[in-house]
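Trainee: Chains as they are written, first to last, in the numbering used here: chain Z, 1 to 160; chain V, 1 to 254.
Treat the hints loosely; a few may be bogus.
What the hints assert, rightly or not - Below, a sample of chain V positions facing chain Z; criterion: calculated Cβ distance under 10 Å:
no.: 1; residue: 26
no.: 2; residue: 39
no.: 3; residue: 102
If you are wondering where the hints come from, they were derived from the structure by calculation, not from laboratory data.
Note that beta-carbon positions come from the ideal geometry of N, C-alpha and C, so glycine has one too.
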Amino acid sequence: MNAPEKSEIGYAFALPRLVARLAGREVRRAEFSRWEAYGLGILVFGISSLFVGRALLPLVRPGVLEWLTILLLPFALWIAFLLWYFVNAQVAALLRRLGLYTARTNNPFQHFIIMSGTTLLALLFLRDGCAWIRSLGVFWLALLLGNLLAIVILKFRHEP
Amino acid sequence: MSRKLILGFAICAALFFFAAVAFHPLLALSVLFLSHMLILYPTLVANCQWWGPVVTRFETKDREVWLTIDDGPDPIHTPRMLEILQRFEARATFFVIGKKAVRFPNELAAIREAGHEIANHTFSHPSGTFWCLPPGRIASEIDQGRIPGSYFRAPAGMKNFFVHPALSRRHLRLIGWSVRGLDTVSKQPDAVAARIMRRIAPGAIFLLHEGHRTETEPDFHPRCLEQTLVALTSANYRCVLPRPEQLRTRAGGK
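Using the sequences and the hints, build the whole thing.
Mentor: See below:
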């Protein structure tokens, strides 16, 4: 395989690849793109924090406990995410044993579960009374649908 | 065993939290907090064995110690470190950062040619975030540098519950330390050597660094190594590479 040209940009997701192609730029598929990973990570973490915060804070008495909850929430949520990865890994191992999951690593399964979970939260945001939270839900769903559409278009154009 | 117990408790605590938060928010938060502390302790405390075995010493009847040098290779420090090691007839294991190994292949080859050992110290050395990385990123930190060898050391010794399973799949052992010189924060080479000598014992694993302060104090790390080796030699210690069967965890297991 030839080494990619220096001017070529690599994106892991189909949507930025398609947009770059439509803009007439040379682009390739990358296994990992740092900026996409950071952007997506912040978005997933933000949506989860917002959801848990909205559900939890009304239950906590205003005052010190409320501030403590706000302060510890991102931290606790990150540990919850790690635990979730652990549970997913156990499920993936079980599915592999049953012959229902054959990928070499757990990454595709982990990504699928995290994306599905975040999409579920985004769908719940659509019913929220606050306009900007609804907009965040719409933004996530638009990104997801745009990416799925870009996958189909790139497939039809026989691009990886 | 302790890994499964802690994670099992954490999952139960999370479920309890969701069930009880509406009725007893303080109790629910306390249980969740406790479970998170149980996760954080073995993660952030280097050499803690709760997630799995961490080698912190080796079995020997002689006055032998294991010198480990982290964060190389480095074009300024590595040649000087190798020259000092040769002068003292000392052997060391270099825990190298994958990114630097790719960038400085000549220094990596020089380490190997001088008869020292190479081991894995992650690809990008994410010292602030390695402890909280998900499994996919941990796997890529271990694999990306393609560092040969059978030992791995986590940045700053911090490892979460995904590290041990990832290492055992790759037949790698997690190496900690018995003594560290704290040479990345210390200002005096003799203070580094004195700190090591206070805690050294036969079978100890001690930790020094290279590749830091190369612009401001390029002599600092080689001097730390030299002064430590002077002190060790005068106390009749020899720096050797232990065999895998000599390695021990703090609990005494293999």
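Trainee: It remains to establish, for every hint, whether it holds in the given structure.
Mentor: Verification of the supplied hints:
1. 26: At about 7 Å, which falls below the 10 Å cut-off, the nearest Cβ of chain Z leaves the hint on residue 26/V intact, so it holds.
2. 39: The hint holds - residue 39/V has a Cβ within 10 Å of chain Z, the shortest such distance being about 6 Å.
3. 102: 15 Å, violated
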